[in-house]
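J.: Residues per chain, in single letters:
Protein chains: 2
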Amino acid sequence: MKQIHIGILGLGTVGTGIARLLAENGELISSRLGAELHLKKAADLDIERDRGIDFAPGVLTTDPYAVVNDPEIDIVLEMIGGMDIARELIMKGIENGKHIVTANKALLATRGNEIVGRAAQKGLSLAFEASVGGCMPIIKTIRESLVGNNIHAVTGILNGTCNYILTRIAGEGISFEAALEMAKAEGYAEANPSLDVDGYDTAHKLAILSAIAFGMKINYEDVYIEGIAALTPMDIEFAAQCGYRIKLLAITKSDGKSVEARVHPAMIPFTDLLSNVSGSMNAVTVTADAVGDMILYGHGAGMMPTASAAIGDVVDIARCIVAGGAMRVPMLGYQMEHIREIPIKPMDEIETHYYFRFSALDKPGVLARIAGILGEHDISIKFVHQTKRRTNGAVPVYMLTHQAREAQVKQALDKIAEFDFIPERPVLIRIEAPEEQKSGQGE
Amino acid sequence: MKQIHIGILGLGTVGTGIARLLAENGELISSRLGAELHLKKAADLDIERDRGIDFAPGVLTTDPYAVVNDPEIDIVLEMIGGMDIARELIMKGIENGKHIVTANKALLATRGNEIVGRAAQKGLSLAFEASVGGCMPIIKTIRESLVGNNIHAVTGILNGTCNYILTRIAGEGISFEAALEMAKAEGYAEANPSLDVDGYDTAHKLAILSAIAFGMKINYEDVYIEGIAALTPMDIEFAAQCGYRIKLLAITKSDGKSVEARVHPAMIPFTDLLSNVSGSMNAVTVTADAVGDMILYGHGAGMMPTASAAIGDVVDIARCIVAGGAMRVPMLGYQMEHIREIPIKPMDEIETHYYFRFSALDKPGVLARIAGILGEHDISIKFVHQTKRRTNGAVPVYMLTHQAREAQVKQALDKIAEFDFIPERPVLIRIEAPEEQKSGQGE
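Line order of the protein sequences matches chains A and B.
Adding 18 to a residue's 1-based position in the first sequence gives its number in our numbering.
Adding 18 to a residue's 1-based position in the second sequence gives its number in our numbering.
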């Protein structure tokens, strides 16, 4: 049986998962692939630790260049993470004619165009299913299954840490800080959680999805990013009373001319399946002209789900090697000459629905003054709720709006914040209502 | 740009959708594929009807053999449906060296092994993503994305007509017959709805999924099939009170030795996302060793979603042609020599949880007699509810059981049915509780 030689860079959680999957399910994979995936080398700084895997003699090495320079190795799996060293090793592998599989979303989001460009020049594959949504085959689905579709939007819960925290706040009415501590205790959050809770990780993934959905260069710089640290149980509870859950969403949409790409907390109606995604699970909705709405749901991270995605990529590449064919699916979904620089719309030009919470001193005429400012900015109110529950002498006023423009909303809130009866900065949460089905209807 | 020549057999709903997608999104598809999909011929008995598509001169023909015998055509899309003629045309196409794309689940379920075998001998592809779950890429996900996984179970809502009917019964408390009439009026059900409501269509799809999930020959003969016609609003309402919805499920599981394959109404807890799939939508959960649970959700039928799936298959094949490589992914997911005859477990050997409803005359000691029989058959009761609501002089007794064996359950119900205080045949609905996660856990 033909052998495909594999090298792994980094035996952390995911790298170890890949080695384990190759060891445990190798025979099964061969019966599907018709070739053997042979782990030739695996590099890590620590090759002494017992990872519960019987590596063959000579496989383990502390020298990553022993992997990327090995003339026999066909496919290199970069599972080190981080930026400079990972990039250098990937580029070296490409120069040496290796196909690359990676889960490194931060690197792809920021240096992906350069790396993909070089791989394409050399006729090599760089595959990255494991970089977005763990085991969910979102990259494959967009690039292959939906190849006949104009994609209108991709909307996802792409960070398990944030979703876990939001689920705990909603379930137990605790603060963000308390939920974050629980997430750390459960192993869902890092000691420095900023990459997750401030939305950067989600934005890395979104930049990749925007590119493959719309045939544009990867553009992380222009993604709007807002994290979940400012969310309060008060807002989450009021959202629930109105039939919404709050999730950290990655949203990218195209109207055929420009693209929206934004990461922020959003209220989603209970009727949308995404609002029912709880704990550390991930899910993503793709809206496209032929299929309407399609949803994928699964473990967005973790050792074995991510390893599974990487092995899927390895087998895709191995099948091309076995068949003697060239790179089959273009890395970013489109032929390189069709990938354009499509501008991402400035956040000010976004139009959506909004939730506001004002802390207002309880005086007559307050609501009229707020409503007046909103009206002047073309913001039409759908729903208002004033309670008598006092916080620091003020009462909360909740509002839901019809569709409004972000720039107008910001200006209006700035003006409202200046009123002396508004002691705190108003809270704004965007509402992501399911769009009317554009197509995909039928029996 | 290289041209790939395509022929369509049958311009019904899906065939027309494919022609429309090629016309409307052809340029987009080319920018992704790097080749042009050229519709060379399309055959239908009626080529006069206006389908809203500008076919080039000479494309339309009433002779299907003009398609399968055209020496230039690379890929034939069989969208006629039905058995004998479809099979004959597919086999003729294969003999002539054409790759085949089909949505014909009935044909695949019953004659798939023969057809796939012949295509494999000739080194050709036969692709059938459109046959199961409409636009949901369940075939691709199992065969490609989950290639590194031992698959434990596939559980799906695969028939939109049934799900629409069950959603209406649950929402409005109407009878099956009334909901079926609504489904007909809305275009969700055929004049003769048996194929859908009696579970055959779901079973066709399940037979295909079992094969690719477990590396077994397609075996439709041994799938257990029970439809939804006997379900009553009474059972659906009681299920809801206990936190369950009733769905027509396709269930296939493997313990590594034997396989379960069954289609029947099942109670699913609200906490399972499948229970929230309403209307004509489809969804399927795959449970596998590395990824844990993964769910796909989307339109399971309809013109454009099904056309989208077929075009995905066409492009997969076209990419292999463009790359000059051979058939890349084996048709049934495994190399032909690894496909085994795995027996499907007889229904009597299944173990699951059960819901029973007994109509009992309201006399003392009734419950003790029923419970006695169940106990004798090793059926342990989890929950009992007796109401005073009389129907034809009898009161309903509801029960939920712990795990029990189907053969014992049937014997027990037969005995209970003999009691003179049980005027009607007891009702049985199986409960599909989410299994404990076997793996796929992690951050």
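Careful, some of the hints might be misleading.
Pairs involving identical chains hold if they fit within one copy or between any two copies, as the list cannot separate such chains.
[What the hints assert, rightly or not] In the DSS-like style, the derived pairs of lysine-lysine whose C-alpha atoms are separated by at most 30 Å in a straight line are:
hint, residue 1, residue 2
1, Lys20, Lys275
2, Lys235, Lys20
3, Lys381, Lys275
4, Lys433, Lys275
5, Lys140, Lys20
6, Lys406, Lys433
7, Lys140, Lys235
8, Lys140, Lys406
9, Lys406, Lys110
10, Lys381, Lys235
11, Lys433, Lys381
12, Lys235, Lys406
13, Lys381, Lys406
14, Lys20, Lys400
15, Lys428, Lys406
16, Lys400, Lys235
17, Lys381, Lys110
18, Lys400, Lys140
19, Lys433, Lys110
Calculated directly from the structure, the hints in this document are not laboratory data.
J.: So which of the earlier hints does this model not fit?
T.: 3, 4, 8, 9, 10, 12, 14, 16, 17, 18, 19
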